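Those protein sequence lines, which keep their order, are chains A and B.
Per the numbering used here, the very first residue in the first sequence carries number 1; after that it's consecutive.
Per the numbering used here, the very first residue in the second sequence carries number 108; after that it's consecutive.
Derived from the structure by calculation, the hints contain no laboratory data.
Everything numeric in this text was worked out from a predicted model, so none of it was measured.
Among these hints, one or two may not hold up.
[To be verified] Here are the simulated distance ranges between beta carbons:
| no. | chain 1 | residue 1 | chain 2 | residue 2 | range |
| --- | --- | --- | --- | --- | --- |
| 1 | A | Asn38 | B | Ile167 | 21 to 31 Å |
| 2 | B | Lys116 | A | Thr79 | 34 to 44 Å |
| 3 | B | Arg120 | A | Thr20 | 34 to 44 Å |
| 4 | A | Asn56 | B | Gln203 | 42 to 52 Å |
| 5 | B | Ile167 | A | Trp40 | 19 to 29 Å |
| 6 | B | Ser180 | A | Pro8 | 14 to 24 Å |
| 7 | B | Lys190 | A | Ser26 | 23 to 33 Å |
| 8 | B | Gly123 | A | Gly52 | 31 to 41 Å |
The beta carbon of each residue, even a glycine, is placed where N, CA and C say it ideally should be.
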Amino acid sequence: GIQVEQSPPDLILQEGANSTLRCNFSDSVNNLQWFHQNPWGQLINLFYIPSGTKQNGRLSATTVATERYSLLYISSSQTTDSGVYFCAPRTGNKLTFGGGTRVLVKP
Amino acid sequence: DGGITQSPKYLFRKEGQNVTLSCEQNLNHDAMYWYRQDPGQGLRLIYYSQIVNDFQKGDIAEGYSVSREKKESFPLTVTSAQKNPTAFYLCASSLQGLNYGYTFGSGTRLTVV
Chain A
1 GIQVEQSPPD
11 LILQEGANST
21 LRCNFSDSVN
31 NLQWFHQNPW
41 GQLINLFYIP
51 SGTKQNGRLS
61 ATTVATERYS
71 LLYISSSQTT
81 DSGVYFCAPR
91 TGNKLTFGGG
101 TRVLVKP
Chain B
108 DGGITQSPKY
118 LFRKEGQNVT
128 LSCEQNLNHD
138 AMYWYRQDPG
148 QGLRLIYYSQ
158 IVNDFQKGDI
168 AEGYSVSREK
178 KESFPLTVTS
188 AQKNPTAFYL
198 CASSLQGLNY
208 GYTFGSGTRL
218 TVV
């Protein structure tokens, strides 16, 4: 099956800093989602992005399907951005999750 | 408001017992999914269902069973054959087709005591 690698595994940011999270995947995909998991475990959909670039407030994402990677940008980070970020490419009927990037934003 | 409801939020089970986790959605989604998450790791697919009365095994189906008698409901049973059931279980749903994303419930934390 498809392999999904996320980097870095851990990220510590000072409030106000910018960062980039990366997701590499091994096969062609139909689609890709980015999620934020809060400390209570809830998965919140951030982006649904098979290709191209999307922006939502301080967050934006870019997927280059032909090169099999996606990037999530966090600008002007806030403490509420802390949590785990997952990318999940879709192949057929399944989402496959990477191991996540654990982000801690310090005040 | 439309959404996915998982219950209970916390569940304790004695070794050797079967336990059923509930997942209900009112989004009118066709497809439903069960994932398992272990501490510090990503999610792994247990079972999924595209339509009523039909379901398929995911990557880690051993020791689990499901049913899909209604479009809105997709309960997961963790059987005594599951050797390490302590985990966080997440249910999701989506519309049919490749152009739709998944929506997740808030999860059930199962602990074997």
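Checked hints:
no., hint, in the structure
1, Asn38(A) with Ile167(B): 21 to 31 Å, "holds (24 Å)"
2, Lys116(B) with Thr79(A): 34 to 44 Å, "violated (25 Å)"
3, Arg120(B) with Thr20(A): 34 to 44 Å, "holds (42 Å)"
4, Asn56(A) with Gln203(B): 42 to 52 Å, "violated (25 Å)"
5, Ile167(B) with Trp40(A): 19 to 29 Å, "holds (24 Å)"
6, Ser180(B) with Pro8(A): 14 to 24 Å, "violated (40 Å)"
7, Lys190(B) with Ser26(A): 23 to 33 Å, "holds (29 Å)"
8, Gly123(B) with Gly52(A): 31 to 41 Å, "violated (51 Å)"
The earlier numbered hints that this structure contradicts are 2, 4, 6, 8.
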